[in-house]
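Asks: The hints should help you fit chain B onto chain A, whose structure is shown.
One letter stands for each residue in the lines below.
Protein chains: 2
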Amino acid sequence: MDYYPLDTTTVTEYVKTRPALKDFFPEDATLVAREVGDGNLNFVFFVENADDLTNSIVVKQALPYLRVIGESWPLTQERVRYETQALRKQYEAAPGLSPKVYDYNDEMSTLIMEHLREHEIMRFPMVARKRFPKFADHISTFLANTLFYTSDLYMTGEEKKKYMELFTNEELRKLQEDFVYTNPYMDSEENNWNPLVDDAVTAVRQNAELKIAIAEAKRAYTTHAEALIHADLHTGSIMLNEEDTRVIDPEFAFFGPMGYDIGAVLQNLILNYLSHYGHTPDKAERESYQAYILETVAAIWNGFAAKFDTLWKENNRGDAVPAKYWEFEGGEEAFAEYRRRYILRLLRETAVHGGTKFLRRMMGIVSVWDISSIEDEEKRAVAERAAIAIGSRWLLEKESFNSIDDMLAIVKEETG
Amino acid sequence: MDYYPLDTTTVTEYVKTRPALKDFFPEDATLVAREVGDGNLNFVFFVENADDLTNSIVVKQALPYLRVIGESWPLTQERVRYETQALRKQYEAAPGLSPKVYDYNDEMSTLIMEHLREHEIMRFPMVARKRFPKFADHISTFLANTLFYTSDLYMTGEEKKKYMELFTNEELRKLQEDFVYTNPYMDSEENNWNPLVDDAVTAVRQNAELKIAIAEAKRAYTTHAEALIHADLHTGSIMLNEEDTRVIDPEFAFFGPMGYDIGAVLQNLILNYLSHYGHTPDKAERESYQAYILETVAAIWNGFAAKFDTLWKENNRGDAVPAKYWEFEGGEEAFAEYRRRYILRLLRETAVHGGTKFLRRMMGIVSVWDISSIEDEEKRAVAERAAIAIGSRWLLEKESFNSIDDMLAIVKEETG
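Protein sequence lines, in the order shown, are assigned to chains A and B.
Position one of the first sequence corresponds to residue 1 (our numbering), numbered consecutively onward.
Position one of the second sequence corresponds to residue 1001 (our numbering), numbered consecutively onward.
If we strip away everything but chain A, and leave its shape as in the complex, we get (with noise of 0.2 Å):
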């Protein structure tokens, strides 16, 4: 089959050829296609049966236009693929907790998957200060187990190996690792701050422990193939209502470090902690839903350690360590203290992760709304500043870290 651009109207022909799709619409339903994406990289359909509009899908296909400007068509048509593997993958290693993919067809570059009807995009109803009680079990589920079945815990060698090959990512990866690790940090044309935080954001740029450190967490993330990570998992790659959590927009994704895709979590749940200092003038009401936040991130990390460590404890099937290398007397407990080490590396490369993450969203290319929608300059500034602060801690102390408290002490204090 040759490439053509889908509209609204050829969609819904075309998703009635696909094979994988042959019984997932009533044969003589008719279709209705909205086209409901931001026009940059894909085309987004939402395709429904018009008498019963909760069957319906999403199909997501690669601009065409790209064509004409040449070598950037293959990256577009790759970011389908790697969103697509990583999403089948994610699917398996935690079900529900990612859109059920449907159909890949390599030819077309499309993507066609679960209709989110009923989910938001997390970063919005987090400023309206909106709880969702089930979050921090969903997605410290989801850490776990993407994290888990794709490391060598889980994977043989071979089968890691042979993976990973899907995954080489390149482009994609290197606009994270400079525009994470190291632009920000520097004279980069694209760097952008509020002016009234100057002297933090010029502090960081000269502080040599810290651009060490930053230097350091750029050589991890580049060299560390430890699991499948999501590599983009900010509160705006998360749909989610009270019931149902799922992660989203996958396509950074490739073999690096854990604690990047924690690190991400907890440092957007925080953000959006301080840009209450910007969007919610009423203290009782911002500090009732700041110790909410807190707890949530605690709830997630000791939920992701305890259920890391069970997986682990119940799956030992990859080759990392097998279950014979432990049996000796006095074994069990050291198997049950290299996890506990093995965790507790995690948190400390989730805190240099995540302390990165903050001073890049301060003084790199982009922001996150939770923060630059606080119009006021000055208040925005308090909510910047903290966050420099907690960065370059996280980053700077991580050795003295123990537990998820060691590290929103830090926040606290910043914040007190």
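Quick caveat, the hints were computed from the structure, so don't treat them as lab data.
Think of the CB as a built atom: it goes at the ideal place given N, C-alpha and C, for glycine as much as any other residue.
Errors might be hidden in some of the hints.
[Unchecked claim] DEER-style ranges, computed between Cβ atoms:
no., chain 1, residue 1, chain 2, residue 2, range
1, B, Glu1035, A, Lys324, 33 to 43 Å
2, B, Thr1156, A, Asp2, 32 to 42 Å
3, A, Glu399, B, Glu1035, 51 to 61 Å
4, B, Arg1341, A, Gly416, 42 to 52 Å
5, A, Lys324, B, Gly1330, 46 to 56 Å
6, A, Asn302, B, Lys1379, 51 to 61 Å
7, A, Asn302, B, Asp1137, 29 to 39 Å
[Stated by the list, open to error] When the alpha-carbon atoms are kept at most 30 Å apart in a straight line, the in silico DSS-like pairs for lysine-lysine are as follows:
no., chain 1, residue 1, chain 2, residue 2
8, B, Lys1174, A, Lys313
9, B, Lys1398, B, Lys1379
10, A, Lys307, A, Lys398
11, A, Lys174, B, Lys1379
12, A, Lys398, B, Lys1174
13, B, Lys1089, A, Lys162
14, A, Lys174, B, Lys1089
15, B, Lys1174, A, Lys89
16, B, Lys1174, A, Lys324
17, A, Lys324, B, Lys1398
18, A, Lys174, B, Lys1324
19, A, Lys313, A, Lys134
Replies: Frame of chain A, contents of chain B only:
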């Protein structure tokens, strides 16, 4: 071209058909071939010009017989491809320190390369206490250049990630992962050790701290894709004479931790040091040669560290940390401090991987000839016991090492 197995007759015709060798032999030369391989996995032929024996090449061909037994044949073919790729890259990075590749033919699974007529495998003359005054300089250049030029410090992120696709090498890597880092320390039928050191072997297998340290070392070996490493750089993979040094047989090559290659070299030299308790009964002779080995080990590390640092300063071309990142008041010192810590980390990782390799040679599937050729079990036990003690301490005391002298102090203490 369909595959056919070469023999001493057909190989002389075959090499004349290879375009890359067009000008290598005179047109009217009479070529003579000898088969010199051990016949396990490959044919190895020397093909020589009968009128000028210095005009000669080595032809390596994957064995065809394995076709019969099925699955192993692709492995054997891939092995020749990995060896060729690594030899080419290593020669490019460190010219003249490995055999030059003349030709590779995928269909025929042949690798044709420089014939090292004047060199011997390092392990054997070292048992005879032969000295190689230029070796430390040569091998430290090989290590510094091959590791630096294939790391993120020199390659761009995209170059490195695309190039890594050529080195999945999942089957040979599994051999190293299991036989270096896991199997020797647990009940595994292929393990083999001197009954006279059974107590020391048992102690290692039951030492919780040591087992945790080795599990950590395996994790690093498996996941840290720092540079293209040789991954089997013992003194059996080095051919040399007083003037010239070449590193051969890199079929295990993959992107792994730099410390593994450095550790392999240093640890093999020290195993030879220990072997002289068996091979060299004369105390003065033994001590003189042992002193030479320790000087060589120190010179290799110090040479590596200085050369790596200089390469980095002068060729900071990769995406790791661009020069601009260090452009601030005190930035030059910060960059120097970052390099210092990076190289100190390499020293400690050299201790970790080298330490593990001491242990695996004493209690795993295969020893080294230096040690195994000591016929007197009691004398061999002296060397083996020291090797186990040194390896254990390199693993357990790594955080205290600030220079190669700290590692060598342990060698002296355990043999004093």
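Asks: Could you tell me which of the hints above the structure violates, numbers in ascending order?
Replies: Of the numbered hints, 4, 7, 11, 12 do not hold.
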